[in-house]
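Q: Modelling step: build the complete structure from the supplied sequences, incorporating the hints.
So the chains spell out like this:
2 protein chains.
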Amino acid sequence: MKLSVKSDYAARAVLELARRYASGKAQRVEDLAEAQGVPANYLVQILIELKAQRIVKSVRGKEGGYLLAKIPAEITLGDVLRCVHGEIFDTAALSDSNCPPELRGAWEKLRQSVNATADNITFQNLLDEGESKEKMYYI
Amino acid sequence: MKLSVKSDYAARAVLELARRYASGKAQRVEDLAEAQGVPANYLVQILIELKAQRIVKSVRGKEGGYLLAKIPAEITLGDVLRCVHGEIFDTAALSDSNCPPELRGAWEKLRQSVNATADNITFQNLLDEGESKEKMYYI
DNA sequence: CGGCGCGTGAAACTCTCGGTGAAGAGCGAC
DNA sequence: GTCGCTCTTCACCGAGAGTTTCACGCGCCG
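Top to bottom, those sequences are chains A and B. For the first sequence, my numbering begins at 565 and goes up steadily by one. For the second sequence, my numbering begins at 565 and goes up steadily by one.
Relax, there's no trap hidden among the hints.
Here are the computed lysine-lysine pairs in the DSS-like style, where the Cα-Cα straight-line distance is at most 25 Å:
| hint | chain 1 | residue 1 | chain 2 | residue 2 |
| --- | --- | --- | --- | --- |
| 1 | B | Lys566 | A | Lys570 |
| 2 | B | Lys570 | A | Lys673 |
| 3 | A | Lys570 | B | Lys570 |
| 4 | A | Lys566 | B | Lys615 |
| 5 | A | Lys589 | A | Lys634 |
| 6 | A | Lys673 | B | Lys566 |
| 7 | B | Lys673 | A | Lys566 |
| 8 | B | Lys621 | B | Lys634 |
| 9 | B | Lys634 | B | Lys615 |
| 10 | B | Lys566 | A | Lys566 |
| 11 | A | Lys570 | B | Lys673 |
| 12 | B | Lys570 | B | Lys621 |
| 13 | B | Lys570 | A | Lys566 |
| 14 | B | Lys566 | B | Lys673 |
Residues on chain B that point at chain A, a partial pick, calculated with CB under 8 Å:
| hint | residue |
| --- | --- |
| 15 | Met565 |
| 16 | Val569 |
| 17 | Arg576 |
| 18 | Leu579 |
| 19 | Ile652 |
| 20 | Asp654 |
| 21 | Ala656 |
| 22 | Asn662 |
| 23 | Pro664 |
| 24 | Lys673 |
| 25 | Ser677 |
| 26 | Val678 |
| 27 | Leu690 |
Label pairs and their computed distance ranges (CB to CB):
| hint | chain 1 | residue 1 | chain 2 | residue 2 | range |
| --- | --- | --- | --- | --- | --- |
| 28 | A | Ser696 | B | Ser659 | 20 to 28 Å |
| 29 | B | Arg592 | A | Ala637 | 52 to 60 Å |
| 30 | B | Arg668 | A | Ser587 | 19 to 27 Å |
| 31 | B | Ala604 | A | Asp595 | 49 to 57 Å |
| 32 | A | Ala637 | B | Val569 | 34 to 42 Å |
| 33 | B | Ala586 | A | Ile635 | 56 to 64 Å |
| 34 | B | Asp660 | A | Lys626 | 30 to 38 Å |
| 35 | B | Lys626 | A | Leu658 | 37 to 45 Å |
| 36 | B | Ile612 | A | Arg592 | 48 to 56 Å |
| 37 | B | Asp660 | A | Gly628 | 26 to 34 Å |
Keep in mind the hints are simulated off the structure, nothing from the lab. Each residue gets a CB set at the ideal place from its N, CA and C atoms; glycine is no exception.
A: Written as structure tokens, this is what we have:
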């Protein structure tokens, strides 16, 4: 069960936008892409999906780019992952009538567990975590 | 993030073996495969991997087939999934040095969450669950 | 020894993912 | 109005993993 690179890119992009959220300025796709070593043309597709789910918003023209659509505390990792994948934890078994009901229950437990964990991580959390780690240097 | 069909097949096979564990008889691959609508030739490969991890064992020749290598209570869903996939929750990000440390922490939380849940489900649990559901019919 | 069923490896096939390129559309500056 | 900047959209391709099937070798039991 391997998380796609796409989800990783999406999470990085949103994190980067969260970091620059205070500036209020729109961020260009190319800048975001370069900041994380992601192919710009690919990142575009991801951002469009994120926009469709109102996680980010875009501004066109000169000085255009992308912004978070909400404050970082209101965006969870689960939101981002679901936006890119649909259900985070999926398996053919859940839509297979041959699947024994006991197993179905087990898959659903796993799904619920992942969802709960992912929904409990907001990007504000991640920002705080990053800052507190920085402060460590001063001690 | 989609669980492969292979994991599902593996789980079904082990569950089926657990159900028949009391008989003490070796179960033929074809019987197991037919009982769940799984391609027999594919199931063989899965069973070989399960055998390598000492989750099942095999008997050759006439009256041969597969058996659980331990009692159902000692086999967890996590064991089976890891046997088929290596780490259950994997992502390229964890081996990418460009990955922001905050995100790395988040991925590890997800991984830990999945592992904990999967390791907490034994096949004995699943058997019990199935039986208690059967009993419901008598009430 | 002969048949049954496991053991193993490889070929073929499908499908998604990751990535690229180019043409189109809105916004601001001059 | 026109030009340049940047997002928007769509079409496509190559690689690789996952799934499936086939063929043949090997060990065990009667």
